[in-house]
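Asker: Please put together the full structure from these sequences, using the hints given.
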Amino acid sequence: MSAGRRILALHLGVLAALLVLQFALPPYHHTNVARILVLAGYAIGYNVLLGYTGLMSLGHAMFFAAGMYGAGLPVYYFGVGAPLAFALGLASGIGLALVFGLMALRTSGPSFLIVSLMFGQALFLTLLYFNDVTLGDQGFILSAKLAPLELGGRPLGFHEPGVKYNVALAIFAACLAAALALRLSALGRVLIGIRENEERTRLLGYDSFRYKLVALGVSGALASAAGAGYALLFSYVGATFASILFSIYPLLWTLLGGVGTVLGPLLGTALMFYLVDTVSGVTSSYLLFVGAALVALVLWFPQGILGTVRSRWLPWLP
Amino acid sequence: MAAVAPLLATQALSKHFGGLAAVREVSLEIQPGEIRAIIGPNGAGKTTLVGMICGRHVPSSGRIIYRGSEITALRPWQRLRLGIAYTFQVTSIYKGLTCYENVALPAQRALMRGFVSRLVPGETAVAQRVRAALDAVGLADLAGQRADELAYGHQRLLELAMALATGPQLLILDEPTQGLAEGEIAALCALLRRVAEQATVLLIEHNMQVVLALARRVTVMDAGEILAEGTPAEIERDPAVQKAYLGR
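Note that the protein sequences, when read in sequence, are chains A and B. Our numbering puts the first sequence at residues 906 to 1223. Our numbering puts the second sequence at residues -3 to 244.
Worth flagging that the hints you see were computed from the coordinates, not collected in a lab. Every residue, glycine too, gets a C-beta built ideally from N, C-alpha and C. Do not take every clue at face value.
As the list claims (entries may be wrong) - Among the chain A residues that face chain B by a calculated CB cut under 10 Å, a handful are:
id: 1; residue: Ala1091
id: 2; residue: Arg1100
id: 3; residue: Glu1104
id: 4; residue: Arg1107
Claimed, not checked - Some chain A residues near chain B, calculated using beta-carbon distances under 10 Å:
id: 5; residue: Arg1094
id: 6; residue: Asn1102
id: 7; residue: Thr1106
id: 8; residue: Tyr1111
id: 9; residue: Ile1149
Answerer: Structure (structure tokens):
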């Protein structure tokens, strides 16, 4: 199918461009883009729930934090290696998502939003409450405890920019591939059916609760993969990443880039990151500009950038 | 007639919404292969009754038996998998999706077994099934069109195509001809006769010409109860029916 090839070519092209980009970037932007890639993985996870399934969460930072602490604490206390730490972070996020989903998915719409906010805040406050163990309020640094990866006998430390960038790109690519595969699969079709008309979908033979639970599991997995990756690559673990602000960010990134588009979260994350970066060089009230950007977005591009591009020019864009 | 085991039977089925009894102790039997019409004035409880059969509403009391087993407690998606398909009175389609995608959801479900499915159905098989369902209702040329851009009559037909794509054994249609033009109604009747060769059809309908043309038996409801039941000719002659329809 030419449509399928076109979609594959576009996404592989974006990944290839990102791979090449690292050789052209000056050091400052090199680290920024690595950071953006990991955060975009988080936004992609968020979009699986909001964009494909139609569930808006305001507690997604709990999954990012579950990945971050699930990976960071074993490294800090037991000197666990990076691959195992990453797997533990991922498992924490998926576990939390499923437990949360079994309770919270009894609600939908605004109630789900509130319940997710409550759970998110509960995790944030728990991290602060058990400060002796989590070191939540100060945070902690991993670099001294984390053994470098090895490739053919050569140590690859996470402080090296090349390693940082390429691991970040690998995490992003995995998230992107998962989201694209989901979007184009039979499962993705059902999730979109639930988003568009849940009662109809139930009467067409689909147990919507189970499908929403799967979507939440995937969303939590991607968010926690990003959280674990962020902890390992940027060497810092702290409770601020579990705060409400970190639940709002992926919502903003996704809205900006295009809800329900596969590449939208990357675009939104990159633009918002550089907007904040540029503006905060001039003034400390950068949130004012973020707010203004969002108002403009809602007024003129309610579907986000790629959502608008899709409805005007490229209907095949997934 | 009673010798054949009914495909569907309701036993003293009731539904109360707060203090309002929408359906009161309705016992109904539908034989395999028949086209049954339910008629009655607005508010008679017809939609609520079929809503309980397909699983939209939980009955307040009573039982529903389908192919010899009780399904009263089954959830809507489980009933669909047993072959009970429902089309809404107020069109309920995926307005933001194309006709193809609207029908692909039920088509995919029919090709799946169990939850996510042990084998994800191939897109070619789904496409074939979608094509067949859209062909049956005459919408094949509009497969790529967004559902909310369709004319109202076409939206009704799309809804029917979605039900057909599930491969129903019992097809429940809630006022399928509402809002259709004369010619479209005739075409729909022809289509339903073809469908009835493979499935049992339960039809709520106000248009008496459609009822007379299609139904072998007619059930008349009024105020949540069955008022009369019989062949179309018997129903037309029934004094109680005339009273309910012509004013009391």
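Asker: Decide, hint by hint, whether the structure agrees.
Answerer: The hints, checked one at a time:
The interface hint given for A/Ala1091 is met, as the beta carbon of that residue sits about 5 Å from the closest beta carbon of chain B, less than 10 Å. Taking 10 Å as the C-beta cut-off, the interface hint given for A/Arg1100 holds, the closest approach to chain B being about 9 Å. Hint on A/Glu1104 holds. Least Cβ distance to chain B is approximately 7 Å, under the 10 Å limit. For the restraint placing A/Arg1107 at the interface with chain B, the shortest Cβ-Cβ distance is roughly 5 Å, inside the 10 Å limit, so the hint holds.
About 6 Å separates the beta-carbon of A/Arg1094 from the nearest beta-carbon of chain B, less than 10 Å, and the hint is met. Interface hint at A/Asn1102: satisfied, since its Cβ lies 5 Å from the closest Cβ of chain B, which is below the 10 Å cut-off. Of the supplied interface hints, the one on A/Thr1106 holds, with its beta-carbon coming within about 7 Å of a beta-carbon of chain B, less than 10 Å. Taken as an interface hint, A/Tyr1111 checks out: its beta carbon lies about 6 Å from the nearest beta carbon of chain B, inside 10 Å.
Given hint, A/Ile1149 at the interface with chain B, is violated; its Cβ is 31 Å from that chain's nearest Cβ, farther than 10 Å.
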